[in-house]
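Given these sequences and hints, build the entire structure.
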Amino acid sequence: MEMLYFYLIFLVSVLLIFKHIFHFNKSKLPPSPPYIPIIGHLYLIKGSIHQALQSLSSKYGPILFLRLGVRSMLVVSSPSAVEECFTKNDIIFANRPRTLAGDLLTYNYRAFVWTPYGHIWRSLRRLSVVELFSSTSVHRSSAVREDEIRTLVRHLYKVSKSGNPKVEFKYWFSICLFNTITRIVAGRQVVPEEDAGGEAGRRIMADLRERFFTNVGMNMCDFLPILRWFGYKGLEKKLMVAFKRRDEFLQGLLDEFRLKKMNSSSQKHVKDGKEKGPLIETLLSLRESEPEFYTVDVIKSLMLVMFVAGTETTATTVEWAMSLLLTHPETLDKLRTEIDNNVREERLLTDMDLSKLPYLRCVINEALRLYPPVPLLLPHFSSKDCTIGGHVIPEGTILVVNSWALQRDPNVWEEPHKFKPERFEMEEEKEGFGYKFVPFGVGRRACPGVNMGMRAALLALGTLIQCFEWEKVGQFEMEMRYNNGVTLQKAKPFEANCKPRQNFVQLLGQL
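Quick note on the UniProt record's numbering: the sequence shown kicks off at 1 and runs consecutively.
If you are wondering where the hints come from, they were derived from the structure by calculation, not from laboratory data.
Treat the hints with care, as some may be off.
[As the list claims (entries may be wrong)] Simulated DEER-style distance windows between Cβ atoms: (1) I36 x D297: 29 to 35 Å; (2) Y43 x G434: 33 to 39 Å; (3) R150 x T387: 48 to 54 Å; (4) V392 x S134: 37 to 43 Å; (5) E210 x N108: 18 to 24 Å.
[Said to hold, decoys possible] In silico PhoX-like links for lysine-lysine, alpha-carbon gap of 25 Å or less: (6) K170 x K420; (7) K46 x K244; (8) K356 x K420; (9) K334 x K166; (10) K59 x K46; (11) K334 x K356; (12) K499 x K334; (13) K88 x K420; (14) K472 x K170; (15) K472 x K158; (16) K28 x K88; (17) K492 x K384; (18) K244 x K260; (19) K46 x K238; (20) K170 x K334; (21) K170 x K492; (22) K384 x K166; (23) K170 x K490; (24) K418 x K170; (25) K233 x K244; (26) K166 x K490; (27) K499 x K418; (28) K158 x K492; (29) K472 x K420; (30) K28 x K384; (31) K420 x K158; (32) K490 x K420; (33) K46 x K492; (34) K161 x K499; (35) K46 x K334; (36) K166 x K472.
All residues carry an ideal CB built from backbone N, CA and C; glycine is no exception.
Here's what the structure looks like:
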């Protein structure tokens with residue numbers, strides 16, 4: 001019986017592939033490399049996927065069509081193609097493809113990042129914008145961000161006075177971000193301050209990374225579904241374990257909050273417009289009025305998006321930015337001068353100061369341009385046939401924007417491989433600077449948390465430059481290689497020596 005299932009699945013897979021091929025041959029498709037029957041162009045995807053696709057696009061053009069097993073994929077890497085996809089065809093490409101990771105990790109696609117386009121997505125998106133990412137919500141959370149940055153600075157000051165001033169930057173900033181998000185979501189830190197500098201803190205952070213940063217990208221089982229039946233590389237089992245561990249953590253936060261509410265019903269959160277209760281409180285309150293919509297899975301899916309989208313990408317961006325600054329000391333000096341000139345009082349930089357620091361934003365933008373945290377933006381999926389650049393794109397095609405290739409294109413950017421924050425000083429920050437700078441996506445499914453993520457990155461980088469002197473560890477050139485994966489992680493964690501700036505020693509000692 002098992003062999004019969006195997007042959008049936010194999011036959012269906014072959015028929016689907018030939019159906020696609022027949023349809024493709026009748027269409028005016030974009031340029032495409034030679035392909036192999038059944039596997040299509042999968043043989044061409046090796047090493048860094050974004051670089052492999054960049055290499056193919058340099059040969060076949062910025063509108064590239066690929067056949068990957070039973071799937072078809074459109075890869076775009078030019079401003080005009082991106083604009084066409086997300087203006088006149090924005091609704092057509094507003095869906096996400098179904099994937100193995102999506103099936104297992106997104107609470108039946110109730111995580112709004114992956115929810116199919118339609119009424120439910122609009123409701124979840126509206127909720128996320130109003131409760132999480134509106135200007136009012138971002139302003140309300142500024143006190144939490146500033147407090148956690150202050151804690152980070154306090155830790156680094158202790159490290160600088162310990163006799164071993166070497167700082168593992170990603171570790172410390174990840175703690176800062178996880179504590180920020182957990183306080184916004186559940187009203188408490190996930191890594192207590194007393195544990196952050198020891199083995200307990202490292203164990204907590206290792207556990208959180210394992211829970212939340214399982215590869216959620218597409219894999220071979222999505223392109224060759226028959227592999228799923230054979231348990232290819234144990235991918236499905238690994239994803240199921242990851243989901244169980246994530247769900248245990250999120251359910252634990254929910255249960256903990258409910259228990260606290262029951263045990264201290266007299267304790268009220270201040271709601272005077274300046275301070276608001278944590279996200280869980282808001283969602284549970286909404287659940288009381290609309291239980292059929294605000295299910296437990298919807299609540300946990302919103303919590304999940306906050307942790308996945310609000311921590312790793314921001315930490316990665318600041319890590320790359322600091323690495324780039326230490327290899328370009330003249331840029332570091334210019335940034336520090338801007339901060340000193342605009343934050344004159346003996347105090348730490350705050351959210352309110354960010355609007356007075358345009359060069360700081362240029363530095364973060366340039367780091368995002370060179371090292372976008374997600375070099376291939378989250379995939380889209382066409383709901384019907386459409387036209388891009390004069391080419392017919394069939395219904396059911398996966399759309400991928402190669403932001404890595406787009407943001408390093410010599411036809412778009414002058415000296416694209418150089419770190420030059422000044423290039424953003426004269427640019428109009430609208431619609432992705434002319435659709436050539438899209439680290440957070442564009443269109444109706446662009447990341448809604450851009451403002452919150454950018455404020456966290458700006459505040460952290462600005463404060464660390466304001467308070468400390470930074471030096472490379474050793475005399476070698478700063479390591480700028482990265483790992484292959486969905487996010488652009490540094491191959492070797494960034495480390496640097498820090499010491500307090502002379503005029504901040506007294507302030508830091510009082511924190």
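Hint check:
no.	hint	result
1	I36 x D297: 29 to 35 Å	41 Å, violated
2	Y43 x G434: 33 to 39 Å	35 Å, holds
3	R150 x T387: 48 to 54 Å	53 Å, holds
4	V392 x S134: 37 to 43 Å	40 Å, holds
5	E210 x N108: 18 to 24 Å	23 Å, holds
6	K170 x K420	23 Å, holds
7	K46 x K244	31 Å, violated
8	K356 x K420	20 Å, holds
9	K334 x K166	24 Å, holds
10	K59 x K46	16 Å, holds
11	K334 x K356	14 Å, holds
12	K499 x K334	19 Å, holds
13	K88 x K420	33 Å, violated
14	K472 x K170	15 Å, holds
15	K472 x K158	19 Å, holds
16	K28 x K88	19 Å, holds
17	K492 x K384	43 Å, violated
18	K244 x K260	24 Å, holds
19	K46 x K238	22 Å, holds
20	K170 x K334	24 Å, holds
21	K170 x K492	10 Å, holds
22	K384 x K166	54 Å, violated
23	K170 x K490	10 Å, holds
24	K418 x K170	23 Å, holds
25	K233 x K244	19 Å, holds
26	K166 x K490	17 Å, holds
27	K499 x K418	28 Å, violated
28	K158 x K492	24 Å, holds
29	K472 x K420	20 Å, holds
30	K28 x K384	15 Å, holds
31	K420 x K158	33 Å, violated
32	K490 x K420	20 Å, holds
33	K46 x K492	21 Å, holds
34	K161 x K499	8 Å, holds
35	K46 x K334	40 Å, violated
36	K166 x K472	9 Å, holds
The earlier numbered hints that this structure contradicts are 1, 7, 13, 17, 22, 27, 31 and 35.
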